[in-house]
Every structure is written in C-alpha cells, then in structure tokens.
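Enquirer: Taken in order, these protein sequences are the chains called R and L. All the letters of the first sequence, read from the start, carry residue numbers 4 to 115 under our numbering. All the letters of the second sequence, read from the start, carry residue numbers 43 to 153 under our numbering.
Take these hints with a grain of salt, some might be off.
[Unchecked claim] Below, computed lysine-lysine pairings styled on BS3-like, alpha-carbon distance capped at 30 Å: (1) R:K74 to R:K20; (2) L:K140 to R:K74; (3) L:K152 to R:K60; (4) L:K140 to R:K60; (5) L:K112 to R:K60; (6) L:K152 to L:K110; (7) R:K60 to R:K20; (8) R:K68 to L:K152; (9) R:K74 to R:K21; (10) L:K140 to R:K72; (11) L:K98 to L:K78; (12) L:K78 to R:K68; (13) R:K21 to L:K98; (14) R:K60 to L:K78; (15) R:K74 to L:K78.
[Claimed, not checked] With the Cβ distance kept under 10 Å, some of the chain L side facing chain R (calculated, not the full set): (16) A132; (17) V149; (18) P153.
Calculated from the structure, these hints are not laboratory results. Owing to the predicted nature of the structure, the values given are computational and were not obtained by experimental measurement. Note that CB positions come from ideal geometry on N, CA and C, so glycine has one too.
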Amino acid sequence: EAQVTQNPRYLITVTGKKLTVTCSQNMNHEYMSWYRQDPGLGLRQIYYSMNVEVTDKGDVPEGYKVSRKEKRNFPLILESPSPNQTSLYFCASSLGTTGELFFGEGSRLTVL
Amino acid sequence: GEDVEQSLFLSVREGDSSVINCTYTDSSSTYLYWYKQEPGAGLQLLTYIFSNMDMKQDQRLTVLLNKKDKHLSLRIADTQTGDSAIYFCAESIAAGNKLTFGGGTRVLVKP
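Use the sequences and the hints to build the structure in full.
Expert: Shown next as structure tokens:
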C-alpha cells in the first residue's frame, strides 16, 4: 500500500531535549516536505527536499533541521525544542508532476 | 509573498450544496488545489485545477476559478455527513513546487 509513515504519532517532551520525527515513503517520490499545522494558520512549510542530498528552507525553518540521505526517508530534527514548536507536524511526498502531495497521518508534538 | 485566505467555518444541511471560497494573491499561481482533512488524519487531495481553466467538475465536486479576481471556489453537491471535515485551498507556481495553504474552512454538515 502506497503510504507516508511518520513516527512518533504523539510525543510529549521537555524544552531542550533533542528529538527526531521520522518520515518514510514507499512511492519512490523525489519530492518530500515537512509542514506544521497550527489553528487558524493552515499548513506552513518547514523544509523541503527535491531529491537526495538536496534540501531547502520553507517558510518557517527556524529551530528545525532535516536530512535526505536516502530517497525514501526525510527525518525532521529538533535540536533544542521550545514550547513554540508545540504543533501538529505533517510529512508529505510528491512525484512532482501535478503537485499532488501525499500526506502522513501527522505527529502531534507537545513541548513543555 | 503568497497569501491564501479562506473563511473559517461553514455550516450546511445534509442534502444541500456547500460552497467554500478561497482567495489568493500570487498572480503566478499555476496550480490550485483543494485538500480535505478528516479528524485525526492527514490531508487528501480532492481535486486541482490549472490556472488556464475556468471550471472543473468531478462527480459531486465543482471547482470554479476566477483568475482575474484570484478567487477559487469548491462546490459540493448533495452534501453528506461524511463531507464534514476541514477543507484547505492551496496554490503553487509549478508542479512539484512548494504549496501555499490557506487556513482551512471547517465544514459541518447537519442532518
């Protein structure tokens, strides 16, 4: 089954404790992206990747890092999480032809 | 920068038509999308339209694009309770490029 898988789905952590949210897709998509969803703000792009070893900042990259060492994986790293990073995070991938994004189910992160 | 605006909430009776509206600012927008988010789930693409089209129909869904006014709408005919969800409008200037999303419209379908 074609899917985008994120882990963990739910996480409560404390300020400053490094964490990684993993994302994996099995559709051989070149384009992958991370978004955060906050009430009333819609989805805002954090980082995206057009292909392996190619990443670029989105609209809200501060406080986040990503890497794309393999085509299927695109982890999101919070080196020192802060409470303003409490949010619902979505990973998405795309073939890049029509722009249709396939989304994971989301990872709800709470930073205390 | 790009901006996409939607109303926050829409309430509709089952069986009626729903119309969700969206405005965008980037005249370079080439692709315009409607995504649906059900509770606890990610977003799913409902339909999309190229900027050189005025209308696209897909079963119960009709998308209208007024490029001059930068206005996009999604009409859902014969709205069902399963249509209750958050609907996001999005735009991009190129396929595979960054999508800019609106804030989402929460649609509540009442029996």
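Enquirer: Each of the hints needs a verdict: does it hold here or not?
Expert: Hints, verified against the model:
Annotation: proposed proximity of K74 (chain R) to K20 (chain R) holds, straight-line Cα distance about 27 Å (limit 30 Å). About 18 Å separates the Cα atoms of K140 (chain L) and K74 (chain R), which keeps this hinted pair within 30 Å; it holds. With a C-alpha separation of about 41 Å, the suggested pairing of K152 (chain L) with K60 (chain R) is violated against the 30 Å cut-off. Pair hint K140 (chain L) plus K60 (chain R) holds up; C-alpha atoms about 10 Å apart against a cutoff of 30 Å.
Proximity of K112 (chain L) to K60 (chain R) is assessed by CA-CA distance (about 27 Å); at most 30 Å being required, the pair is judged to hold. For the suggested pair K152 (chain L) and K110 (chain L), the alpha carbons sit about 34 Å apart, so the restraint of at most 30 Å is broken. The straight-line distance between the Cα atoms of K60 (chain R) and K20 (chain R) is roughly 23 Å, inside the 30 Å bound, and the hint therefore holds. Taking the CA atoms of K68 (chain R) and K152 (chain L), the gap is about 43 Å. The hint is violated against a cut of 30 Å.
Note on K74 (chain R) and K21 (chain R): the hinted pairing holds, with a Cα-Cα distance of about 24 Å set against a maximum of 30 Å. Of the supplied pair hints, the one linking K140 (chain L) and K72 (chain R) holds, its CA atoms being roughly 21 Å apart against a limit of 30 Å. Distance restraint check for K98 (chain L) and K78 (chain L): the Cα-Cα separation of roughly 17 Å lies within the 30 Å cut-off, and the hinted pair is therefore satisfied. Proposed proximity of K78 (chain L) and K68 (chain R) is supported: the alpha carbons are some 28 Å apart, at most 30 Å.
Between K21 (chain R) and K98 (chain L) the CA atoms are separated by roughly 46 Å; this puts the pair beyond 30 Å, and the hint is violated. Between K60 (chain R) and K78 (chain L) the alpha-carbon distance is near 25 Å, which keeps this suggested pair within the 30 Å criterion. Distance check on the hinted pair: K74 (chain R) and K78 (chain L) sit about 27 Å apart at the alpha-carbon level, within 30 Å; holds. This hint holds: A132 (chain L) has a C-beta 8 Å from the nearest C-beta of chain R, less than the 10 Å allowed.
A least Cβ separation of about 15 Å between V149 (chain L) and chain R goes past the 10 Å threshold, and the interface hint is therefore violated. At about 26 Å, the closest approach between the beta carbon of P153 (chain L) and any beta carbon in chain R exceeds 10 Å, and the interface hint on this residue is violated.
Violated hints, in rising order: 3, 6, 8, 13, 17, 18; the structure is consistent with all others.
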